[in-house]
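Keeping their order, the protein sequence lines are chains A, B and C.
Residues in the first sequence are numbered from 0 upward in steps of one, following numbering that gives the first Met the number 0.
Residues in the second sequence are numbered from 0 upward in steps of one, following numbering that gives the first Met the number 0.
Residues in the third sequence are numbered from 0 upward in steps of one, following numbering that gives the first Met the number 0.
Just so you know, the hints here were simulated from the structure itself, not pulled from any lab data.
Possibly wrong hints are sitting among the right ones.
Said to hold, decoys possible - Which chain B residues face chain C? A few, computed with CB under 8 Å, are given here:
1. A12
2. H33
3. E34
To be verified - Pair by pair, the computed Cβ-Cβ distance ranges are:
4. L67/C to A1/B: 39 to 47 Å
5. P48/B to L102/A: 51 to 59 Å
6. R109/A to G114/B: 54 to 62 Å
7. V234/B to G79/C: 39 to 47 Å
8. E103/B to H76/C: 47 to 55 Å
9. A11/A to R46/B: 53 to 61 Å
10. L67/C to R254/B: 57 to 65 Å
11. K65/C to N99/A: 31 to 39 Å
12. P48/B to G67/A: 49 to 57 Å
13. G39/A to D161/B: 41 to 49 Å
14. R15/C to L102/A: 37 to 45 Å
15. E81/C to E103/B: 30 to 38 Å
As the list claims (entries may be wrong) - From chain A, some residues computed to sit far from chain C (all C-beta separations above 12 Å):
16. S3
17. R16
18. H27
19. G29
20. I31
21. F38
22. G39
23. Q40
24. D41
25. A46
26. A49
27. G67
28. N86
29. S95
30. G101
31. L102
Predicted model, so just to flag it, every value in this text is computed and none were measured.
The beta-carbon is built from N, C-alpha and C at its ideal position, and this holds for glycine as well.
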Amino acid sequence: MSGSPFAEMLGALTRQRGVVASLVVDEHEGMIVDAILQFGQDGDRIAALAASLYRKARQSAHAAGLGGVHFLQMDAEQGRLCMAGRNALVLVVATSPNANVGLVRVEMLRAVEGLA
Amino acid sequence: MADDLRRWSDELAHDPASLAFLPLGEALRRQGQHEHALRVTLRGLERHPHLADAHDLLARICVDRGELERAFDEWDMTLRLAPEHAGALKGLAFVCYQQGRFPEAEAWLQRAAQGEAADAGIGAALETVRRSTGALHASDVAAAEAAYDPHDPRALFADSLDGDDQTAILLDPGGMVLGGLYLTESGRDVAPEIGAALSGVSDEASRATRHLGIGAWTSIVFETESAAVAMAPTVQDGLLVVAASRATPLGHLRRLLARCVARAAAWLGGTA
Amino acid sequence: MTTHAVESWIEGPLARFVDDARVSLALLLHPSGQVLAQHGFTRSVDVMSACALAAAINASASELGKMLDGRPFTGLHHAGEERQVFLAEARTPRGPYIFLTVFGSESSLGLVRMYFGELVTNLMSAAPAEAAPAAPALAENFERDLNRNLAALFGRA
Numbered sequence: 000m001s002g003s004p005f006a007e008m009l010g011a012l013t014r015q016r017g018v019v020a021s022l023v024v025d026e027h028e029g030m031i032v033d034a035i036l037q038f039g040q041d042g043d044r045i046a047a048l049a050a051s052l053y054r055k056a057r058q059s060a061h062a063a064g065l066g067g068v069h070f071l072q073m074d075a076e077q078g079r080l081c082m083a084g085r086n087a088l089v090l091v092v093a094t095s096p097n098a099n100v101g102l103v104r105v106e107m108l109r110a111v112e113g114l115a
Numbered sequence: 000m001a002d003d004l005r006r007w008s009d010e011l012a013h014d015p016a017s018l019a020f021l022p023l024g025e026a027l028r029r030q031g032q033h034e035h036a037l038r039v040t041l042r043g044l045e046r047h048p049h050l051a052d053a054h055d056l057l058a059r060i061c062v063d064r065g066e067l068e069r070a071f072d073e074w075d076m077t078l079r080l081a082p083e084h085a086g087a088l089k090g091l092a093f094v095c096y097q098q099g100r101f102p103e104a105e106a107w108l109q110r111a112a113q114g115e116a117a118d119a120g121i122g123a124a125l126e127t128v129r130r131s132t133g134a135l136h137a138s139d140v141a142a143a144e145a146a147y148d149p150h151d152p153r154a155l156f157a158d159s160l161d162g163d164d165q166t167a168i169l170l171d172p173g174g175m176v177l178g179g180l181y182l183t184e185s186g187r188d189v190a191p192e193i194g195a196a197l198s199g200v201s202d203e204a205s206r207a208t209r210h211l212g213i214g215a216w217t218s219i220v221f222e223t224e225s226a227a228v229a230m231a232p233t234v235q236d237g238l239l240v241v242a243a244s245r246a247t248p249l250g251h252l253r254r255l256l257a258r259c260v261a262r263a264a265a266w267l268g269g270t271a
Numbered sequence: 000m001t002t003h004a005v006e007s008w009i010e011g012p013l014a015r016f017v018d019d020a021r022v023s024l025a026l027l028l029h030p031s032g033q034v035l036a037q038h039g040f041t042r043s044v045d046v047m048s049a050c051a052l053a054a055a056i057n058a059s060a061s062e063l064g065k066m067l068d069g070r071p072f073t074g075l076h077h078a079g080e081e082r083q084v085f086l087a088e089a090r091t092p093r094g095p096y097i098f099l100t101v102f103g104s105e106s107s108l109g110l111v112r113m114y115f116g117e118l119v120t121n122l123m124s125a126a127p128a129e130a131a132p133a134a135p136a137l138a139e140n141f142e143r144d145l146n147r148n149l150a151a152l153f154g155r156a
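Produce the entire structure from the sequences given, and follow the hints as far as they go.
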């Protein structure tokens with residue numbers, strides 16, 4: 000586990016059932032700031048794609064007059080990405096389909112307050 | 000659309016003085032690429048500072064960016080160049096309306112209604128402004144929805160939704176509205192704008208899932224300052240967007256999404 | 000905007016990179032500065048300038064890396080206000096090439112790095128097996144080769 004300011008937050012998220020990766024990502028660069036990854040997870044890939052998706056959703060929501068995006072969840076056939084952003088940083092959690100997304104969401108919304 | 004964008008970009012690259020920046024800027028604006036649209040339009044204006052339509056386009060981009068004052072100035076400039084420019088007259092009315100300056104909004108719309116390019120939308124807008132002392136109530140929105148003929152594609156999801164604060168639209172692969180509607184508090188259907196803005200999210204989702212190897216995406220839910228939005232792919236590469244108030248529980252939103260996806264599939268199956 | 004390559008096996012991987020990463024300009028060149036493929040440029044003189052600059056930057060970065068870190072720097076990124084530049088060495092069966100790309104807000108450094116990795120993999124598998132490694136350019140041939148490549152890219156070969 001890393002010794003960054005985000006280590007505790009990422010550790011708490013990674014302990015949730017079904018979570019395979021948790022990352023703090025720079026929204027504009029799509030690069031990892033800090034991450035805890037299970038073996039075999041490509042953190043750089045998750046960071047780049049999740050940041051791009053979150054940024055697109057944020058821009059689109061703004062264009063549609065819906066205001067800023069607090070939380071985003073994308074479900075796929077074999078996995079799920081959850082994102083919450085603040086101060087140009089995005090908290091990204093990748094889970095398996097069987098994760099308890101309700102718990103993950105609550106934990107992420109709490110954790111995102113600590114992104115600075 | 001991608002072909003058009005490429006063609007206009009190429010045209011501009013070959014001839015920077017080309018007027019292709021007008022359709023290109025407008026297309027980018029509709030796709031929600033406001034920064035890109037702004038850059039294209041400003042570059043065009045450097046070459047064509049006296050082109051009314053260019054100032055009109057810049058004003059619309061400013062509105063999308065929430066810069067109402069700047070939009071007002073640009074439409075003001077448009078009118079100096081083309082005194083009867085319908086887009087500028089409606090735009091100025093829109094800015095005044097947004098700022099609560101209803102008598103001024105009405106005056107601009109009246110001027111637009113007298114012009115040669117007057118359309119039915121101006122009459123409806125005038126009516127809205129005249130009875131406005133603020134936003135319409137939710138019951139007005141519901142009444143507007145109910146006013147549509149059940150066979151009208153805009154009423155496609157009327158039976159699938161169960162609250163005044165919910166709305167759904169069905170988009171084709173190009174982001175164009177196939178059915179449903181998205182009413183603002185003032186009763187205006189902004190489904191085309193919402194559809195154009197949100198359809199790009201599904202492209203990003205497809206790219207992400209493809210490169211992460213987690214199968215096809217099945218739904219996206221996001222919570223914004225003013226709404227909870229859910230999206231899902233439909234048959235024939237369509238996209239369904241459901242929006243509800245932030246108070247709507249996400250679990251309930253997902254059920255609405257599933258219901259609307261089924262409705263869309265049945266409708267698309269019937270219309271295919 | 001189309002992708003052009005002097006050698007056809009490069010065109011597919013580069014076009015895919017441009018499409019995936021949503022970059023505005025892309026350039027693949029030999030370390031000597033000879034262009035091999037490009038996307039987004041409309042004038043041969045711009046390609047020529049970009050190739051010369053990219054080759055010079057790559058040479059400087061390599062030497063700087065050797066001095067500071069004992070090994071050449073193989074990647075460089077510069078973030079401007081609206082556009083960003085990414086330059087990196089792409090190792091292929093034909094030898095090392097230099098890759099330069101320019102991107103805006105539609106992409107990000109993370110995406111460009113990720114797709115650059117895929118581009119290198121795709122170039123590796125697309126390179127003709129029987130092809131000989133690229134020979135270093137000889138001074139007497141350099142200008143002729145450079146002009147020939149530019150002419151091929153811009154349809155005047």
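Going by Cβ atoms, does N86/A stay more than 12 Å from chain C at every point? Holds: least Cβ distance 17 Å, greater than 12 Å.
Separation of I31/A from chain C, once the least beta-carbon distance is taken, above 12 Å: violated, 8 Å
Check the following: the C-beta atoms of A11/A and R46/B are separated by a distance inside 53 to 61 Å. holds, 56 Å
Non-interface claim for A46/A, where every Cβ of chain C lies beyond 12 Å: The assertion about A46/A is violated, with a minimum of 6 Å to chain C.
Once the closest CB in chain C is found, is it more than 12 Å from S95/A? The assertion about S95/A holds, with a minimum of 22 Å to chain C.
Holds or violated: is the Cβ of E34/B closer than 8 Å to a Cβ in chain C? holds, 6 Å
Do the Cβ positions of R15/C and L102/A conform to the proposed distance bound of 37 to 45 Å? holds, 39 Å
Indicate whether the distance between the beta carbons of K65/C and N99/A respects the range 31 to 39 Å. violated, 52 Å
Range first: 39 to 47 Å. Now tell me if the beta carbons of V234/B and G79/C are that far apart. Taking Cβ atoms as reference, V234/B and G79/C lie about 44 Å apart, which means the hint holds.
Restraint outcome when A12/B is required to lie within 8 Å of chain C by C-beta distance: Since chain C brings a Cβ to about 5 Å from A12/B, closer than 8 Å, the hint holds.
Status of the given 51 to 59 Å range, CB of L102/A versus CB of P48/B: holds, 57 Å
Assertion that Q40/A lies farther than 12 Å from chain C (Cβ): holds, 14 Å
Violated hints, in rising order: 2, 11, 12, 18, 19, 20, 24, 25, 26; the structure is consistent with all others.
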